[in-house]
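*Asks:* Spelled out from the first residue to the last, the chains are:
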Amino acid sequence: MGDLFSNLGLGFATVFQFVQWAPPLLGGMSIPIPINILLCLIGALVGTLVGVLPGIGTIATVAMLLPITFGLPPVGALIMLAGIYYGAQYGGSTTSILVNIPGEAGSVVTALDGFQMAKQGRAGPALAIAAIGSFFAGCVSTVLIAVLGAPLTKLALAFGPAEYFSLMVLGLIFAVVLAKGSVLKAIAMIVFGLLLSMVGSDIETGASRMSFNIPELADGLGFATVAMGLFGFAEIIRNLDAGGEEDRQLVQQKVTGLMPTKKDMKDSAPAILRGTVLGSILGILPGGGAVIASFAAYTLEKKLSKHPERFGRGAIEGVAAPESANNAAAQTSFIPLLTLGIPPNAVMALMVGAMTIHGIVPGPQVMQKQPELVWGMIASMWIGNLMLLVINLPMVGIWVRLLRVPYRLMFPSIVVFCSIGIYSVNNAPMDVVLAGVFGLLGYWLIKHDFEPAPLLLGMVLGPLMEENLRRALLISRGDATVFFTRPLSATLMAISAFLLILAVLPALRKKRDEVFVESES
Amino acid sequence: MKLFNRRVAISGLAAVAGFGVLATAAQAQEYPTRNITMIVPFAAGGPTDVIARIVAADMSKTLGQQIIIENVVGAGGTTGATRAARAANDGYTIITGHMGTHAAAVPLYPKLAYHPEKDFEPVALLAGTPILILAKKDFAPKDLKEFVTYVKANSDKLNMAHAGVGSVSYSSCELLSSVLDIKPTGVPFNGTGPAMNALVGGQVDYMCDQIVNAVPQVKGGTIKAYAVATPERNPSLPDLPTTAEAGLPKYQASAWNAIFAPKGTPAAITAKLNAAAAKALDDENVRKRLADLGSDIPKPEARTQTALGTLVKSEVEKWSAVLKPAN
Chain A
6 MGDLFSNLGL GFATVFQFVQ WAPPLLGGMS IPIPINILLC LIGALVGTLV GVLPGIGTIA
66 TVAMLLPITF GLPPVGALIM LAGIYYGAQY GGSTTSILVN IPGEAGSVVT ALDGFQMAKQ
126 GRAGPALAIA AIGSFFAGCV STVLIAVLGA PLTKLALAFG PAEYFSLMVL GLIFAVVLAK
186 GSVLKAIAMI VFGLLLSMVG SDIETGASRM SFNIPELADG LGFATVAMGL FGFAEIIRNL
246 DAGGEEDRQL VQQKVTGLMP TKKDMKDSAP AILRGTVLGS ILGILPGGGA VIASFAAYTL
306 EKKLSKHPER FGRGAIEGVA APESANNAAA QTSFIPLLTL GIPPNAVMAL MVGAMTIHGI
366 VPGPQVMQKQ PELVWGMIAS MWIGNLMLLV INLPMVGIWV RLLRVPYRLM FPSIVVFCSI
426 GIYSVNNAPM DVVLAGVFGL LGYWLIKHDF EPAPLLLGMV LGPLMEENLR RALLISRGDA
486 TVFFTRPLSA TLMAISAFLL ILAVLPALRK KRDEVFVESE S
Chain B
1450 MKLFNRRVAI SGLAAVAGFG VLATAAQAQE YPTRNITMIV PFAAGGPTDV IARIVAADMS
1510 KTLGQQIIIE NVVGAGGTTG ATRAARAAND GYTIITGHMG THAAAVPLYP KLAYHPEKDF
1570 EPVALLAGTP ILILAKKDFA PKDLKEFVTY VKANSDKLNM AHAGVGSVSY SSCELLSSVL
1630 DIKPTGVPFN GTGPAMNALV GGQVDYMCDQ IVNAVPQVKG GTIKAYAVAT PERNPSLPDL
1690 PTTAEAGLPK YQASAWNAIF APKGTPAAIT AKLNAAAAKA LDDENVRKRL ADLGSDIPKP
1750 EARTQTALGT LVKSEVEKWS AVLKPAN
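Those protein sequences? They're chains A and B, same order as listed. Number 526 marks the last residue of the first sequence (the working numbering); no jumps. Number 1776 marks the last residue of the second sequence (the working numbering); no jumps.
For reference, chain A alone in the conformation it holds in the complex (with noise of 0.2 Å):
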C-alpha cells in the first residue's frame, strides 16, 4: 500500500511540475506554468473540438492530432494525447445525445435514449450526466489501475481466440436485448449487420470479398460511413418528410432546464455504479473489450430496471451507464499497454506510435525503466477526466443553444460536416457516396421500423467474432468443442444461453405488447 501512494505521488507530483517560463516581454522575470496540466487541458479541449465534428470518431481525432504532440518533451506529449483521447470520446458521446450520429461503435448505445431525451428538451441533463458519469468512471477506473493494473494484465493473457468468440456470441445476445421493439426485426438487422462486415478481405487469405473490384473497399465498409449514413442522414431525411418539421420545432420549444434533476441523479446513480463496474472489467480485454462494455452496460440496466420499456424512449439511466462504461473501459484499456506494452485497440496502437517516436518503447519494463511516465499517465487520467468536466459542464448550455438553430440552416451544416468528417477519415471520396447510400437505406428501414443499432453492432462485433472463430478453429485443429471445454469460453456462453433464453421468453409471450409497440409508431 506504501508503494501505491508512493507511485501516486510520483505521478501527480509529474503531473503538477512547474516549468520556469521567461517570455521575452517581461524583462527576465520567470512565472512558472504547470505545464503538464495545460497539456492535458488543451489536449482535452481540443480533442473535445473535433470529436464533436459528426464522423470524426476518436481513433481518426487522436491520429489527425498526433502529430501536434511529436514537438513536446515525452511525458507532455503523451498527457496531452490521453486528453484528447478521453476529450474525443466525449466529444463523441455529444453528438450521439444532440443529432443522433454516433461518432464511433461505443457513442451507439449512448444514442438511443440520449437522443431521445434531447427530442424531448432534455438534451442538458443527458449531455451533462454524460459528464458526471464519465467523471465518476474515471476517478474509479484511475485507482483500480493503480492498484490492481499488474495483476489484472493476466486477465488480458488469459483470453485466447476460443474467449474472445464467446465473448462476441454474449454480445451480440445484448444487441437483440437492445432492441426496442420486434425482436425478429432485431435478429434480421444483427443478420444484415454481420453480413455488412464481410465485405473486405478474407483474414486467411486475403482474398476480396463482396468488394466488386472497388479498391475503396478492399478494407471493408467502414464504422464511420456506415454509422453517418444509418444515423445521421437517414434521421434528417426523415425530418425533411412531412410530419419531421412540425417535430422538430417541438424539440426547440420544449428545452427546459440544463442540469440533472435530483430525481434524474438519483435515477443515475446505481446505473453509473454498475457501468462503472462493467467497463472496467471488459476494458482490460484487448480487441473487442471496449466496444462491448457501453451495451453490456446498457442491458444490464434495461434487465434491472422495473421500467424497461422506458429504455429507447428517453430513460436517463439508459445515458448514464453506458457512458460510464465507456469511459472506465477507455480508462482500463491502458492496461495492456502500461503492464505488457501491447496495445489492445487502434488508439492504443497510436499511443504506442506516439511512444517510440519519443524514443519511448513500451513493454514490461516500461513501469520499471520509466515509473514517472507511467504513474504521471495514470494521474493525468484522473486530471484528464476533471478537466472534461470543467470543460463540458459550462458548454452544456452552448450544445443546448445549438439545437435551437432553425433546422432549414442546422441539416445543410450537419450534412457538410459530416461529409467533411467522413472524407477526413481515409481521405476517401468514395466513403461520403456511401454514406449517402446507407442513408437512404436507413430511411427506408425507419419508415419500416428496423432499428438501426443492432445493425451496426452486428458490423462492429462481425469482423471480431469471425476471425475468433477461425484462429480459434484453425488453432484446435477444427474442433468446435474448443468453445466448451475451455472454462472461461464456457462461462460465457453459458450466460449468452441464459440471456438468450430471457430475451426471448417475454417476446414470444407478450405477442401483445410487441403488436402495440409496433403499431405506436
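Derived by calculation from the structure, the hints in this document are not laboratory data. One or more of the hints may lead you astray.
Derived pair list, reagent style DSS-like, types lysine-lysine, alpha-carbon separation capped at 27 Å [to be verified]:
#1 B:LYS1601 to A:LYS159
#2 A:LYS159 to B:LYS1668
#3 B:LYS1560 to B:LYS1601
#4 B:LYS1721 to B:LYS1606
#5 B:LYS1585 to B:LYS1668
#6 B:LYS1585 to B:LYS1632
#7 B:LYS1585 to A:LYS374
#8 B:LYS1699 to B:LYS1673
#9 B:LYS1606 to A:LYS159
#10 A:LYS159 to B:LYS1591
#11 A:LYS159 to B:LYS1585
#12 B:LYS1737 to A:LYS374
#13 B:LYS1567 to B:LYS1673
#14 A:LYS374 to A:LYS311
#15 B:LYS1673 to A:LYS374
#16 B:LYS1594 to B:LYS1699
#17 B:LYS1560 to B:LYS1699
#18 A:LYS159 to B:LYS1586
#19 A:LYS374 to B:LYS1721
To spell it out: a stretch of chain A is covered by chain B in this simulated footprint if at least three of its residues, at any positions, have a beta carbon under 8 Å from a beta carbon of chain B; those stretches are [stated by the list, open to error]:
#20 65-75
#21 163-174
#22 339-350
#23 355-364
#24 472-479
Source: prediction; values computed, not measured. Every residue gets a Cβ at the ideal spot worked out from N, C-alpha and C, and that includes glycine.
Please build the complex by placing chain B on the supplied structure of chain A, with the hints as guidance.
*Replies:* Below, chain B without anything else, positioned relative to chain A:
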C-alpha cells in the same frame, strides 16, 4: 451565430490536418519552392511512419521547405502507393514505401494498380528493420538449430502467428516456411499487437516479426528470440546471433523502407531529395533515434538511387518466388 463560427473554425482545423496542403504555386524553377507531401501508406505511429517522420524532419531542414506527412492507409499499404503512383511527377508528392508496398505486393495482389519498378523512380533507401524469429517463452527448442529440427518434425502440430496477409510479418513467416520447406498452420491476427499478445499469452507457438515490435518483450523475458535475419547482429539485442551464425544462413529478411517518387519525376529533383535523405542519415540525432528503433542504417554505397533500383528488382523477384497470390 457565434456558435456556428466555432464549428467553422473546428472544421478548418480538421481540414488542415486532414487534407494536407493544397497545391497553389506555379511550376517551380528552384525546387522546392513549396511544401512537399510525403505519403506514408500506413497508420501514424507504425514503424514505417516513425522512420519516415524522423528522416523527413531532417530533410525539411536541408531542403528549406516543410515535408508534410500524409498517412493514407488501407489494403496493406497499396492504397497509399496507388495514390502516389498516380500523383503529379513534379517532386511535390513522394512516398515512403517498404518491403511490402514496393516488392511483396506484386505477387500478393495480382490486380495491383501500380508496379514498383514501372511506376516509381527510386529516390533513397532509408532504414531497414531486421526480422527476428520469435517463440512463446516456454517453447521447447533452446537455440535456432533445435528450433529448425523441432519445427520440421512437428510442423503439423505447430501454430505460427502472423499479422495478416500482406503484412511484413506474414511475408517473413512465409519465407521461413519456404526456407524450411514446411507447412505450419498460419494463424492470422489483425496487426502485430494482437499477434504479439497471443504469443506472450502462449496461444500460438512462434512467429517472425520486426525487431522494433519484439525487443521490449524479448528483454522483458515474456517471449524468446532465436535469431536476427540480417548479416550482422543488431546493437539493440547484441547477444542474439544472426541466422547465419546460428545455422540458417538462407533465411535473410529485413523490412526496408525507402522513398520513391512517381515515374517521370525530373532526375535533378530526385537527386536533390536523395542528397537530403543521405544527409539526414548522417545526422547524429537521426542515427541515434533510428538505432533506438533497432533499425539498420544503410551504408553510403547502398544509399544511391541505382542501388535502391537494384534492391527493388531483386526483392520483387525474391518475394514472387515465395508468396502466392491472395486471390
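*Asks:* Hint by hint, say whether it matches the structure.
*Replies:* Right, here's what the structure says about each hint:
Among the hinted pairs, B:LYS1601 with A:LYS159 is inconsistent with the structure: their alpha-carbon atoms are about 32 Å apart, more than 27 Å. For the hint linking A:LYS159 to B:LYS1668, the alpha-carbon distance of about 19 Å falls within 27 Å, and the restraint holds. Proposed proximity of B:LYS1560 and B:LYS1601 is contradicted: the alpha carbons are some 34 Å apart, above 27 Å. With a CA separation close to 53 Å, the supplied pair B:LYS1721 and B:LYS1606 exceeds the 27 Å bound.
Using a Cα cut-off of 27 Å, the hinted pair B:LYS1585 and B:LYS1668 holds, with the two alpha carbons roughly 13 Å apart. Our distance criterion of 27 Å between C-alpha atoms is met by B:LYS1585 and B:LYS1632, whose separation comes to about 19 Å. At most 27 Å may separate the alpha-carbon atoms for a hinted pair to count; B:LYS1585 and A:LYS374 meet this at roughly 23 Å. Restraint check for B:LYS1699 and B:LYS1673: satisfied, since their Cα atoms lie roughly 21 Å apart, inside the 27 Å limit.
Note on B:LYS1606 and A:LYS159: the hinted pairing holds, with a Cα-Cα distance of about 26 Å set against a maximum of 27 Å. A distance of roughly 26 Å separates the Cα atoms of A:LYS159 and B:LYS1591; the hinted pair therefore holds under the 27 Å criterion. About 16 Å separates the Cα atoms of A:LYS159 and B:LYS1585, which keeps this hinted pair within 27 Å; it holds. Pair hint B:LYS1737 plus A:LYS374 holds up; C-alpha atoms about 19 Å apart against a cutoff of 27 Å.
Proposed proximity of B:LYS1567 and B:LYS1673 is contradicted: the alpha carbons are some 41 Å apart, above 27 Å. For the proposed pair A:LYS374 and A:LYS311, the alpha carbon gap of about 51 Å is over 27 Å, so the pair is violated. Annotation: proposed proximity of B:LYS1673 to A:LYS374 holds, straight-line Cα distance about 20 Å (limit 27 Å). Between B:LYS1594 and B:LYS1699, the direct Cα distance comes to roughly 13 Å. Compliance with the 27 Å bound is thereby established for this hinted pair.
Between B:LYS1560 and B:LYS1699 the alpha-carbon distance is near 30 Å, which puts this suggested pair outside the 27 Å criterion. Our distance criterion of 27 Å between C-alpha atoms is met by A:LYS159 and B:LYS1586, whose separation comes to about 15 Å. A hinted pair counts as satisfied when its Cα atoms are at most 27 Å apart, and A:LYS374 with B:LYS1721 does not qualify at roughly 42 Å. With 6 residues having a Cβ less than 8 Å from any Cβ of chain B, the segment 65-75 of chain A passes the three-residue criterion, so the hint holds.
Check on the segment 163-174 of chain A: 4 of its residues sit with their Cβ under 8 Å from a Cβ of chain B, so the three-residue criterion for coverage holds. For the segment 339-350 of chain A, the proposed coverage by chain B is satisfied: 6 residues have a C-beta within less than 8 Å of a C-beta in that chain, meeting the threshold of three. Check result for the segment 355-364 of chain A against chain B: holds, 8 residues qualifying (beta carbon to beta carbon below 8 Å, three or more required). Coverage of the segment 472-479 of chain A by chain B holds in this model, with 4 residues showing a Cβ closer than 8 Å to a Cβ of that chain against a need of three.
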